[in-house]
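Asks: Here's the letter readout for the chains.
2 protein chains.
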Amino acid sequence: MQGLHLTADLHDCQCADFWLTEGTILLECLTRVVAVAKLNVVGQVAHHFPATPIGRGGVTVALLLAESHVCIHTWPEQGSVTLDIYVCNFGGDHSDAAKALQEALIALFAPRHVERNILHRGSITGHLV
Amino acid sequence: MQGLHLTADLHDCQCADFWLTEGTILLECLTRVVAVAKLNVVGQVAHHFPATPIGRGGVTVALLLAESHVCIHTWPEQGSVTLDIYVCNFGGDHSDAAKALQEALIALFAPRHVERNILHRGSITGHLV
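Quick note, the sequences are listed as chains A and B, same order. Residue numbering for the first sequence follows this note's numbering, starting at 1 and increasing by one per position. Residue numbering for the second sequence follows this note's numbering, starting at 1 and increasing by one per position.
Because the hints were derived from the structure by calculation, they are not lab data. Each statement offered as a hint is correct.
Facing chain B, from chain A, some residues (calculated, C-beta under 8 angstroms): (1) M1; (2) T7; (3) D9; (4) V42; (5) Q44; (6) V45; (7) H47; (8) H73; (9) Q78; (10) T82; (11) N117; (12) R121; (13) S123.
Label-pair distances were calculated between CB atoms; the ranges are: (14) A:Q14 / B:E103: 34 to 42 angstroms; (15) A:A16 / B:S95: 29 to 37 angstroms; (16) B:H120 / A:R112: 15 to 23 angstroms; (17) B:D17 / A:H113: 42 to 50 angstroms; (18) B:D93 / A:E77: 16 to 24 angstroms.
In this text, a Cβ means the ideal position worked out from N, Cα and C, and glycines have one as well.
Just need the whole structure built from these sequences, with the hints factored in.
Replies: Below is the structure:
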């Protein structure tokens, strides 16, 4: 279960609108980018949110990986996106693949501001319950 | 997109084995616990991993929420689980619901050690791209 969890919160995205509103297109692209990063998809799901008085609805996309998961949420009315890429090290160290995938997705959404976070997961340093 | 992302890495889980190996049961229970926390499911997906020479295969479960997502990965051969609960604050502050959900899931898996992390997401404090 030891591995790397990368998060990135993207603001003021300059990409074409459909990347923030069309889950099917986003899922298809994400699947290809994951394959390029040599990670392996084992499941997927997407949801489109309805429009609200403040703008068009966003999408949520989750890709289950043999190496763990990728989740994307979009807020088209704000031009914002959150990315989660978690890869465990079962069968090898997938950290470089996760980092490459994150950079590819950030390039896709073309944000003006990014807040990144790196979390190393699975080490036994926590508290007794 | 501002919100709270809770992670917990659970070690030496004392729960019944099926919680770590049966995605259908885990998904059903998770759906109920999420409803009790007054969060709203909008999609779900599960994957069972095959057994390996070191033990039975684990499961990955992702629940898409109106408030963002929940992901669970299990490693039955290690008695380990990772939890992710991310709730954005669109439509209200769901932080208390996320914390209640996390504690309910930790109680379900009954780990002897837990590594928790709290990540506040969506604030514009990041770097220009």
